[in-house]
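> One-letter residues, chain by chain:
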Amino acid sequence: EPTEPDGVRRPRICLIACLILREKHTRCAPQVTVRDALNQALDEELERDERVFLLGEEVAQYDGAYKISRGLWKKYGDKRIIDTPISEMGFTGIAVGAAMAGLRPICEFMTFNFSMQAIDQVINSAAKTYYMSSGMVSVPVVFRGPNGTSAGVGAQHSQCFAAWYGHCPGLKVVSPWSSEDARGLLKSAIRDDNPVVMLEHELMYGVPFEMSEETQSKDFLVPIGKAKIERPGTHITLVSHSRPVGHCLEAAAVLAKEGVECEVINLRTIRPMDVETIEASIMKTNNLVTVEGGWPQFGVGAEICARIMEGPAFNYLDAPAVRVTGADVPMPYAKILEENCIPQVKDIIFAVKKTLNI
Amino acid sequence: MRKMLLAALSRVLQGPAAARTGAVSEVAQVVVASRTYADFASEATFEIKKCDLHRLEEGPPVTAVLTREEGLHYYKTMQTIRRMELKADQLYKQKIIRGFCHLYDGQEACCVGLEAAINPTDHLITAYRAHGYTFTRGTPVREILAELTGRKGGCAKGKGGSMHMYAKNFYGGNGIVGAQVPLGAGIALACKYFGKDEICVTLYGDGAANQGQVFETYNMAALWKLPCIFICENNRYGMGTSVERAAASTDYYKRGDYIPGLRVDGMDLLCVREATKFAAEHCRSGKGPILMELQTYRYHGHSMSDPGISYRTREEIQEVRSKSDPITLLKDRMVNNNLASVEELKEIDVEVRKEIEEAAQFATTDPEPPLEELSSHIYCNEPPFEVRGPNQWIRYKSAC
Chain A
1 EPTEPDGVRR PRICLIACLI LREKHTRCAP QVTVRDALNQ ALDEELERDE
51 RVFLLGEEVA QYDGAYKISR GLWKKYGDKR IIDTPISEMG FTGIAVGAAM
101 AGLRPICEFM TFNFSMQAID QVINSAAKTY YMSSGMVSVP VVFRGPNGTS
151 AGVGAQHSQC FAAWYGHCPG LKVVSPWSSE DARGLLKSAI RDDNPVVMLE
201 HELMYGVPFE MSEETQSKDF LVPIGKAKIE RPGTHITLVS HSRPVGHCLE
251 AAAVLAKEGV ECEVINLRTI RPMDVETIEA SIMKTNNLVT VEGGWPQFGV
301 GAEICARIME GPAFNYLDAP AVRVTGADVP MPYAKILEEN CIPQVKDIIF
351 AVKKTLNI
Chain B
1 MRKMLLAALS RVLQGPAAAR TGAVSEVAQV VVASRTYADF ASEATFEIKK
51 CDLHRLEEGP PVTAVLTREE GLHYYKTMQT IRRMELKADQ LYKQKIIRGF
101 CHLYDGQEAC CVGLEAAINP TDHLITAYRA HGYTFTRGTP VREILAELTG
151 RKGGCAKGKG GSMHMYAKNF YGGNGIVGAQ VPLGAGIALA CKYFGKDEIC
201 VTLYGDGAAN QGQVFETYNM AALWKLPCIF ICENNRYGMG TSVERAAAST
251 DYYKRGDYIP GLRVDGMDLL CVREATKFAA EHCRSGKGPI LMELQTYRYH
301 GHSMSDPGIS YRTREEIQEV RSKSDPITLL KDRMVNNNLA SVEELKEIDV
351 EVRKEIEEAA QFATTDPEPP LEELSSHIYC NEPPFEVRGP NQWIRYKSAC
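Sequences listed follow chains A and B, in order.
full-length UniProt numbering numbers the first residue of the first sequence as 1 and each following residue consecutively.
full-length UniProt numbering numbers the first residue of the second sequence as 1 and each following residue consecutively.
You may find that some hints are simply not true.
Pairs of lysine to any residue, SDA-like flavour, derived with a Cα cap of 20 Å [stated by the list, open to error]: (1) B:Lys-168 x A:Arg-104; (2) A:Lys-226 x A:Pro-169; (3) B:Lys-397 x A:Cys-168; (4) B:Lys-159 x A:Gly-135; (5) B:Lys-287 x B:Val-243; (6) A:Lys-226 x B:Pro-383; (7) A:Lys-218 x A:Ala-256; (8) A:Lys-128 x B:Lys-159; (9) A:Lys-226 x B:Lys-225; (10) A:Lys-128 x B:Tyr-396; (11) A:Lys-128 x B:Arg-388; (12) B:Lys-168 x A:Gly-135; (13) B:Lys-225 x A:Glu-57.
One side only, chain B facing chain A, incomplete, derived with CB under 7 Å [what the hints assert, rightly or not]: (14) Leu-53; (15) Ala-156; (16) Gly-160; (17) Tyr-166; (18) Glu-216.
Because the hints were derived from the structure by calculation, they are not lab data.
A virtual CB, placed ideally from N, CA and C, is assigned to each residue, including glycine.
Chain A with its partners taken away, still in its complex shape (with noise of 0.2 Å):
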């Protein structure tokens, strides 16, 4: 098995050759963009259930303000791809409301920042109907698009909800990495009977993975609620979800230059969160770095320590738990502080090398 971080682009051998050579070349796993990993999912799963439909701002005579719904209307039509007014809590509870009565709607927030005008009816009418009905209603509605950061975007643009949303019974929080991540994501999003939440992130949008044979079918599906381990390590276990995972990926390879092992794990899911994996690797390795971009208090890697203070995996412990974070502070516009309020590769590092004490 490679031991080389999957995510990171480098070209290979083979088609290098095919380059020199001048042959088409089908045996090398494809290199496929987040965005079109996302706008095949979902170009899919519209053609597998006509239930499907897909709302939101600019998701379809403009393609999408990010593009992933590329296509999608000139295939489907007003139907299925419908433009909404810039009326997030209206167009929210349509949604939802469409779900209740039979309909499978993906709900797209341009950025999650605004779904924040929309989260009464995230929470209130989606995720906790099926719990106050007793099962008579289910809800299944797909709520995506761009979360956290993106570059230069200012305070208000620039906000991680994997915590919020990842705080309520009802909800699925999903946070994909990959382009394999984010294709079969969002599938089991699409086909899961409950409101998913799924926090994409635009920065990743055009960042190519190689896909293999298998990722790339109709069926492949995610499981939603299992973390996968990216990185096999000895030494410590870092947990992180979307971008920085790949931050991670930078920080284990400069690291294992210096002897030091790190046992990537991507998450995948917030909610619910696969606490045995991270358990599973702190008992082999003894230490634990979480990896987030947003703010400490309250967030994802508290909940993994509070977590893992509760299990097994706490006396396996030879350090106390570290979180690498966002900066507790709105985020700056001018490019030195913004760098600074989000976690990267050497704060990863630093805090590697202070846990394990070298």
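Add chain B to chain A, keeping to what the hints say.
Structure of chain B alone, referenced to chain A:
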């Protein structure tokens, strides 16, 4: 002719003295009691109040035909809701019902008139003053009362409570003011999407009419021509705030602006029925949404914790009761037009009281839900998983 003969005979048998005191001799009683159903009219036509119109050339008809059968059914239904709500009041004061309890007595003509004009395959959603609709949409009284008392025989197994009752094609029961309005438009979107000629009736109160999301919904419903009847149940008070103190425009039927609207006498069941038939036809013909304002009144305060007399006078409440009560209105119409007799309706009253007593008996003796219910119905179609209790050692299994 026969009617006149019977009346004459009755008067003769009573004798002059009896006529003055109202006493009826035994013979007269026998004559009266032997009236058969053939003595009643099969139907009667009534004049109903003309609706105020907004952006409509024509409105609903100004007369309505009521058959004897319909009348008896509407009477029994309204009386059942009335007595059910009064029973809930009683149980709440006995602390057998807890939390929020928003009663519907006074507004019966709305839910019964509405249901008479739509099909069971149509959809309906309302806010928290929902017990009447839960009944008209098909839930037995015992299940409604048992839900209020938090028992396992409740329509939501005791997990929902007063504000969260559901039935087939009835989406609650919603606690957040105004949130049900976009939900209703979403249900209407599904109706249009599936193409089965169904509509959604989306109700909200005069208080909720000022919510921003309502206007967002009007916009999208009109834009996409959703088959949605928006209904504002204007009972003049949003909790303790009168409509004049809450709304710059109290013409709620016009607040949809580009959406046509009608203002309806919500205390007259026939008025509500005819207006709803009109509105349903509008939606089903693909013209898009329509808005109805039902002018109605609640006898109780906003909820059981509100006596309801700090912001309105007892005289006002009494006046509505004596002049506009929906059940009395129907009863008078039926009796005065020979659609039913006073005795017959009294018999229905007795029957209803008995049913409510039995339902209350069930609601107070049925056991509370088992603890396992705590962790069920979190997710739909999910393999069993563990649910955390108040501490890490208390774990429940989620079976469904």
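> State for each hint whether it applies.
Okay, the hints, checked on the actual structure:
About 19 Å separates the Cα atoms of B:Lys-168 and A:Arg-104, which keeps this hinted pair within 20 Å; it holds. With a CA separation close to 17 Å, the supplied pair A:Lys-226 and A:Pro-169 stays within the 20 Å bound. Taking the CA atoms of B:Lys-397 and A:Cys-168, the gap is near 18 Å; set against the 20 Å cutoff, the hint holds. At most 20 Å may separate the alpha-carbon atoms for a hinted pair to count; B:Lys-159 and A:Gly-135 meet this at roughly 10 Å.
Restraint check: the Cα-Cα separation between B:Lys-287 and B:Val-243 comes to about 30 Å, which exceeds 20 Å; the hinted pair is violated. Between A:Lys-226 and B:Pro-383 the alpha-carbon distance is near 14 Å, which keeps this suggested pair within the 20 Å criterion. In summary, the hint linking A:Lys-218 to A:Ala-256 is not supported, as the alpha carbons are separated by about 37 Å, beyond the 20 Å threshold. For the hint pairing A:Lys-128 with B:Lys-159, the CA-to-CA distance comes to about 11 Å; that is within 20 Å, so the pair holds.
At roughly 42 Å between alpha-carbon atoms, A:Lys-226 and B:Lys-225 are farther apart than 20 Å, so this suggested pair is violated. As the CA atoms of A:Lys-128 and B:Tyr-396 are separated by approximately 18 Å, the hinted pair is consistent with the 20 Å bound. Distance restraint check for A:Lys-128 and B:Arg-388: the Cα-Cα separation of roughly 17 Å lies within the 20 Å cut-off, and the hinted pair is therefore satisfied. Proposed proximity of B:Lys-168 and A:Gly-135 is supported: the alpha carbons are some 12 Å apart, at most 20 Å.
Taking the CA atoms of B:Lys-225 and A:Glu-57, the gap is about 18 Å. The hint holds against a cut of 20 Å. Contact between B:Leu-53 and chain A, as hinted, is not supported at the beta carbon level, the nearest pair being about 26 Å apart and thus beyond 7 Å. The restraint placing B:Ala-156 at the interface with chain A holds, with a minimum CB-CB distance near 5 Å, inside the 7 Å limit. The restraint placing B:Gly-160 at the interface with chain A holds, with a minimum CB-CB distance near 5 Å, inside the 7 Å limit.
At about 4 Å, the closest approach between the beta carbon of B:Tyr-166 and any beta carbon in chain A falls short of 7 Å, and the interface hint on this residue holds. Because the smallest distance between the Cβ of B:Glu-216 and any Cβ of chain A comes to about 3 Å, under 7 Å, the interface hint for this residue holds.
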